[in-house]
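A.B. asks: Sequence:
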Amino acid sequence: MSIRMPDGTPVVLNSGTESGGDDEMAGRATRAAGRHAPGGGTNSASDRSSRYNRLSELMKGKREAATAHQAQGPGYNRGTYTSHTTTNNSYQPGSFMAGGAQGGYMAGSTGFSSGYRSAPSGGGFGGYTGAAGGRFRAADVFPSVFGGTGAAGGSGSTYPRAGMGGGFGGGHHSGGLGGGHAGFAPPSAAGFQGGFSGGGGFGLNDFSSTTDGLFDPHRPQNFGPGGIRMGDPLDFDDLDPLTPVTPDIPTPSFPDHLRRQPASFTETTRTSYFDRFKTSESSSPKESVTQNGEDHLFISKAYIELERGGRKNLNPMVIQEPPSEDDGPLKLTNIDFLNDENGRAHHTDEFEEHNVVRRGQPFTVELRFEKTYDEGEDKLKVELHFGDNPLPNKGTLLRMPVGKSLEDGKFSAALDSSEGGYAKVKITTPPDAIVGKYHVVIETMSDGKTFRSRKTDDNTVVVLFNPWVKDDMTYLDDDAQLGEYVLNEHGYQYYGTSRRIGKRPWNFGQFEPKILDVCLRLLDRSQIKAESRGDAVKVSRIVSKMVNSADDGGVLTGNWSGNYAGGRSPTAWNGSVEILRQYYERNRPVCYGQCWVFSGVMTTVLRCLGIPARSVTNYDSAHDTDVSMTIDNYMDHNLREIDGGDSVWNFHVWNEAWMARPDLPEGYGGWQAVDATPQETSDGVYCCGPCPISAVKNGHVYLPYDTKFVFAEVNADKVYWLVDRHKNLRKLRTRKAAIGNKMSTKAVGSNARHDLTENYKYPEGSDQERVAVRTAVSHGLKPNTYDDVIEDEDVEFDVHADDEIYIGQNIHVTLSMKNTSSEPRKVTTHLTARAMYYTGVPAHDIGELEKDVFIPPNGEASVEMTFTPREYLDMLVDQAIVKIHAMAHVDDTNQVYSGQDDFRLMSPDLTVKAPTKMTLGEQVTAEIEFTNPLDVTLSMVEFHIEGPGLQKPKKISHTPIKPGETVKVTEMITPRKVGKKTIMASFTSNKLTQVTGELDVVVT
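Here the sequence shown is numbered in the UniProt record's numbering, starting from 1 and rising by one per residue.
Just to be clear, a hint being listed does not mean it is correct.
No more than 30 Å apart at the CA atoms, straight line, and that leaves these computed lysine-lysine pairs for BS3-like [to be verified]:
1) 913 / 991
2) 913 / 503
3) 980 / 470
4) 503 / 394
5) 708 / 697
6) 503 / 977
7) 381 / 503
8) 952 / 503
9) 529 / 503
10) 913 / 968
Honestly, the hints are just simulated from the structure, not real lab data.
Produce the complete structure using the sequences and hints provided.
C.D. replies: This is the structure:
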């Protein structure tokens, strides 16, 4: 048989002998090492012996270097043989190069002196990865190997783990013919074709057990005539390394490449060959590829054993030169997502990771090809793949031929411009597209030849909601609000009581690194259907479920007990970023949160996904447990409170998200209440909303979702009941303005508080407000509860504490009474002071006072209480809220009064100092200063500092702080982003919480 070199020089590969034994093996090894110098060359016995000895050293695994024969004939490449080793199953070869018969393994290279990563790119692995050099997933493992691949390196393979492109066979421009066509795609025989048709083969049976299963020793690896194989433990007596064989299969890439095919090769013989290999490996450990830390290099046959009983010679086969590069398909080498250009247009330029765009709006990608793109001859197609199993009928596999113009409202692609090997393509998505990550695949078609790019993590685009586009259901026609509710990473959480509103800065940080990743992971884990991920109603509802951990291992675990062992106190968080990152990294719920923390995290997730969102605080927020639309308070005949189940939180923080409501009648779009705090189940899970605010305002509590619950939070009436000695109920009075006060959020474009109360209800006591309440109550479980009681009241009561009491000062409380009748009145009074959780649950009793008072006709009287810091300081819990409850009974008229004043003891502020003008990338010093206002030493001291674009969240522990002592901590800050930024700091200790400070800076 003969093979012709590119210049026509004949090369005889097989003499046709059938003899075996060591002599024959030596001869085959010799011929495999290189032969046939120009003009016919020499092949003397001494040359054969010398080459055989050098290869024998390799086969024995010796580490000594041996110089390979440097063949001078065409198609041969210089190479160096040295030993190679393995260490702990990690292949670390020495130099390994050899000339193949028709296309060398490498050229201009000295090999792998220190492993794959150091392999020079001058030669490349030939047909290893196909002509493009990057068709094998291991390209990111062995990046420096994949350069300068062969002219006919093959089309590669899509097999994810062991695909070898055109095989290990030959494949360098100077080496002539490369390794194969189809590459390795088991279980078909296509993998054999790459090596056989490639001429000079570099077969590989096992990199082993080595590179995390990248190569499977039990699957065919490509090799060609004259090739050298590593790790083949077969008996060399049965091998003929010089007989080229090709499987009887079609050639998918170059149909004229093979001139002759054997008829005797079958799938059965191929399978039996590898079955025997598997058996020999398992039964002969001494022949293992990596025995005693050494790989064994073997000369192997270049075909699959046809029959166990013997070998057959084949008719001569002429291997022609492969087609030129210009005759192959147009191959993509890179996709540039033009993040700067697209980011500015899509308002996504603040994202530091991923290629991020918004739906319903075109974005541009630049494609780079191996050769010149011809618009008239080369056809392009863009595919977007969503999810693990994309399907056209599910809307998760989108195929878009690249045309001349985009189609409105549809997935489409159009050529923008082209020059040389570059083409810019515009892609648009519909305004209701699925939100999430898509893989981008480019397909080219040239003269009937097709190329498809691989799905890689780099070639992905994340599509978000787009409130800037009119047809998107999140569309918000107000640039100032979009800047605040989508783009602003800084905000405030309001807390305290309606009489003493407090606020603390919050780092939403929706554009910080890894935040988008965790938001997408939440959607994936929620098991929301792919087709529902474009619906803001369903997405916001599922986010409210996934932010808490009550059902599905969501982000945050709630804790209102006051004991935060095993986690962090909710008051210690400065923002959402640290919480979401911790969840992402540890893959379990974060401990602990309360309502403002849940709300802050939800604001971050919604804004990150592109849904306009804000945190909203409702003061005197009711928790209606019996769906009566009223909050019922009970007292016994001794004027002591009885727990009735309903409660009033001093404040509660939820979210509003902006969206259309196509599932409801017209008029219910806009702001929707959504709440991630796990209070009550909805549809069997802990979630709440989206609830249309306009439905709440008008009492339309029958509309979804959870409108009854939200209505009661903001507009329930507070009803007082007396339980007499016989357990009979007597309705005392109804307070119509007790619930839902001073609803607060950060104002657009400023740090001021914006009151939202009128969005939720009409003015208290107005006819419209009463109609809304009656409508809501009629849909509750106790529709007759609302009936008014004619009250006989001639004594007016008012209970209140002094304004702006700081922790460490005395608490002074007064119950004032005014007799409006012309008769004297005797009043029995009972006052209590309690430290409270902000949810309305008592924590500790501070003190109480009972006193009888006589009020003259048209006169006034009062009862007073005072508590010192020593009496109340140890009783306080997280929010430092104190509740004063006053009850009174007018003996002459049987009038009963119940009233309360809840107030927050104010905390000192932190002072944050730093340059207010900073330069991008230049380090500055920030200083946090605190003075202990108490007469006790503070322990368990921690400072927390962070700022979006400035500083990652950091905790700084500090030694105990003595009474009156002033301490300072410093932190070095290096700005990462330009623009207006905020440094946020907080302080926690055993006695003080909700101590915060901030500083606004500008980075240029």
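A.B. asks: If you check each hint against the structure, which ones fail?
C.D. replies: Those not satisfied are hints 4, 7 and 9.
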